[in-house]
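> Chains as they are written, first to last, in the numbering used here: chain A, 16 to 285; chain B, 22 to 445.
Rather than coming from a laboratory, the hints here were simulated on the basis of the structure. Ideal Cβ placement from N, Cα and C applies to all residues, glycine included. Treat the hints with care, as some may be off.
What the hints assert, rightly or not - Partner residues are not named here, just some residues of chain B that face chain A (Cβ under 8 Å, in silico): (1) Leu281; (2) Glu298; (3) Gly338; (4) Met377; (5) Ile409.
Said to hold, decoys possible - Here are some chain B residues the structure puts well away from chain A; computed CB gaps all over 12 Å: (6) Thr82; (7) Ser111; (8) Lys172; (9) Val282; (10) Arg289; (11) Asp321; (12) Arg324; (13) Leu335; (14) Leu376.
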Amino acid sequence: MKRIVLFMSLMVVAFGSAMAQKVKGSDTCLPLVQKEAEVYMKEGKGKLTVTGGGSGIGFAALIEGSTDIAMASRAIKFDEKMKMQNGGRTAKQVVIARDALSIVVNPSNKVTNLTREQLEGIFTGKITNWKQVGGADLAIVAYSRETTSGTYEFFKEHVMKNKNYKSGILSMPATGAIIQSVSQTKGAIGYVGMAYVTKDVKEIHVSYDAGKTYVEPTVANAKAGKYPIVRPLYLYYEVKSEKKVKPFIDFVLSAQGQKIVDQVGYLALK
Amino acid sequence: MCHPFIKSSFSVFISIIYLKKTAVFNKKKNRFLETLIEWIFRFSGSITTLVILLISIFLFTEGWGLFHSSTIEKGYVLCVNQENKVANLSPKQVKEIYDGNITNWKEVGGSDAPIEILRMDDIASLYTEEEIGSNFENLPAKLSEAMVQRKNAIGFFPQQFIGKDFKGRILPPETISPSEYFGGKEWFPTATPAAQFGVLPLILGTLWVSIGAILLALPFGMAVSIYLAEIAGNRVRKILKPLIELLAGIPSVVYGFFGLVVIVPFIRNLFNLPVGETALAGSIVLAIMALPTIITVAEDAMRTTPVAMKESSLALGATHWQTIYRVVIPYASSGIMAAIVLGIGRAVGETMAVLMVTGNAAVIPHSFTDPVRTIPATIAAELGETAIGSAQYQALFMLGAILFLLTLVLSIWAEIIRKDPKVQ
Chain A
16 MKRIVLFMSL MVVAFGSAMA QKVKGSDTCL PLVQKEAEVY MKEGKGKLTV
66 TGGGSGIGFA ALIEGSTDIA MASRAIKFDE KMKMQNGGRT AKQVVIARDA
116 LSIVVNPSNK VTNLTREQLE GIFTGKITNW KQVGGADLAI VAYSRETTSG
166 TYEFFKEHVM KNKNYKSGIL SMPATGAIIQ SVSQTKGAIG YVGMAYVTKD
216 VKEIHVSYDA GKTYVEPTVA NAKAGKYPIV RPLYLYYEVK SEKKVKPFID
266 FVLSAQGQKI VDQVGYLALK
Chain B
22 MCHPFIKSSF SVFISIIYLK KTAVFNKKKN RFLETLIEWI FRFSGSITTL
72 VILLISIFLF TEGWGLFHSS TIEKGYVLCV NQENKVANLS PKQVKEIYDG
122 NITNWKEVGG SDAPIEILRM DDIASLYTEE EIGSNFENLP AKLSEAMVQR
172 KNAIGFFPQQ FIGKDFKGRI LPPETISPSE YFGGKEWFPT ATPAAQFGVL
222 PLILGTLWVS IGAILLALPF GMAVSIYLAE IAGNRVRKIL KPLIELLAGI
272 PSVVYGFFGL VVIVPFIRNL FNLPVGETAL AGSIVLAIMA LPTIITVAED
322 AMRTTPVAMK ESSLALGATH WQTIYRVVIP YASSGIMAAI VLGIGRAVGE
372 TMAVLMVTGN AAVIPHSFTD PVRTIPATIA AELGETAIGS AQYQALFMLG
422 AILFLLTLVL SIWAEIIRKD PKVQ
């Protein structure tokens, strides 16, 4: 008897997961989409399974057709788009939230203001000492995310104007590791999502107009469009399966869904 | 580690022998059972070998594609003006040009003129949306026009928008050569337009960290295993050994975090360095992780020394230390070698812990206090996000193959030492 019950419940689980929509991709989007899916399922609107792995994994799954929705912290690459097209499918992009990046330094660092050009110099290796940007005589230790992270790409495109990082850049596997390292290394500088900033690190005010105005990274400034380093978070789906995935995407974009965005620590669209 | 397996297979052998002895009555039936068991053994052995072989073949075939693919992102082309004399550019030169480090054509063998860089974003600002067209229908013509008008430009455009009547000259795509891959000093796998796949810093980083780990772990490991096998009393051993074996059960990411929070600041303060994430930090964490393996295997090997041998050594007047040094260690040498190889294997292949504490900077290390990037850490950090089938994906598989060869060489070397008559 027991065996039959076990077998039946296994069948239910297997069947249930086959019916559920699959969402896969970026680890940056994962906490947000997971939370959205939880609320969505609690309200009995449908079933979803959300898994991480990275933006690349999400796109690969979308190309293969093994996921319904791909989460991404970067826009789809040309190569990936072409692969979709070769299979006779088109990817559709939806921006679901935005994420501001904070530049963080060690709390003992006297420097508070940096321009975009100075940040570019620091991360490309042209500026190597804090005294070159008005700080103490201390070597700069630049921390970055891993080369494949969406955050890495975004920072490179947006702040460094597509120049490459210096080869001696220290790359950390996770945001938490950057915070930890910056908090214990005197000359450190790094970038993390605004939601992750703790008291152990100091946030830099950034200027995108060559030093005229320096903007503090706060939620209010980012929402008002004053703080410049803000990136979108995406969901991608195949156009043909629009009917199937639309209810969930509409839910994420709804007032209720956007409230969750704020709760998780990202920036709501409106 | 392999005790249960050895024990169970041993008991199977015993039972086979037992079956043989009692096979007076139904010889035929037993012989059938015997051959069946033999075949099961043979089958599982060959399946295991086959699977390992297939995995390594997969690794090499996936990786080998790298040397046929271009460093320029798929679907894009690099182009210059027709009159430009530069015939081709190496990936390195392309990267330097787009980073703004090479600014004049004469540096790459052209005429004395400044280089003008064009990307798709620049095209969007050169022409209005109306000129390009809402569906990009005029884009191919505009790209062609832009390349004709600008004598000193280099363009990086999607192939899709390069029309048949494109007036610029498309640079031939450069494939990645093995010498660039194995001898290259820069690892920029996601750089556009030209990715850099130089694995030399990664190979050296792996070697530095592993050699450091083994230099730290060996003396401690040997000392503890000798102590446990020969000097410690029964009660001490009964407490100590499970404790050490427990260390092997701690997840590597926990070691990594311990390293980041404790060892990294300690090293920075001790040597007064700007950064604490160094090869040395990686070596220390790996040494701690390799210790349980080395200690357990070496101690087991030493304890297999027959009591008669030890007693005869003592009876001949040798001291306890002389017995250990002259009898126990030589007798257990093959087991000790196995311990070392297992320890090195753990160090070379370890991923998470190293990822957390070595800083992962892809530069050639000059001392133990430099940050390094190891091969396993690179694969772990990058494989998840890369587009499957891309040049970077293949480069990572090639790294896996290199790691495989590294450990293969290590174990072959260990085997040779073990068979050396001087050691035995």
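> So, for every hint listed, does it hold in this structure?
Comparing the hints with the structure gives:
Annotation: interface hint on B/Leu281 holds; nearest CB of chain A at approximately 6 Å, less than 8 Å. Because the closest C-beta pair between B/Glu298 and chain A is about 6 Å apart, less than 8 Å, the hint holds. Look at B/Gly338: its Cβ only gets to about 57 Å from chain A, farther than 8 Å, so that hint breaks. Taking 8 Å as the C-beta cut-off, the interface hint given for B/Met377 holds, the closest approach to chain A being about 6 Å.
Of the supplied interface hints, the one on B/Ile409 holds, with its beta-carbon coming within about 5 Å of a beta-carbon of chain A, less than 8 Å. Non-interface status of B/Thr82 relative to chain A is upheld: no Cβ of that chain comes within 12 Å, the nearest being about 19 Å off. Residue-level check passed: B/Ser111 sits 16 Å from the nearest beta carbon of chain A, beyond 12 Å. The Cβ of B/Lys172 lies farther than 12 Å from every Cβ of chain A, with a closest approach of about 23 Å, so its non-interface assignment holds.
At roughly 7 Å, the least C-beta separation between B/Val282 and chain A is not larger than 12 Å, which violates its mark as non-interface. Not every CB of chain A is more than 12 Å from the CB of B/Arg289 (nearest about 7 Å), against its label as outside the interface. Every C-beta of chain A lies more than 12 Å from that of B/Asp321, the closest at about 35 Å, which supports listing it as non-interface. Listed as a non-interface residue, B/Arg324 keeps its Cβ farther than 12 Å from every Cβ of chain A; the least gap is roughly 40 Å.
The Cβ of B/Leu335 lies farther than 12 Å from every Cβ of chain A, with a closest approach of about 54 Å, so its non-interface assignment holds. In this structure B/Leu376 is not separated from chain A by more than 12 Å, as the shortest Cβ-Cβ distance comes to only about 5 Å.
Taken one by one, the earlier hints fail for this structure at numbers 3, 9, 10 and 14, listed in ascending order.
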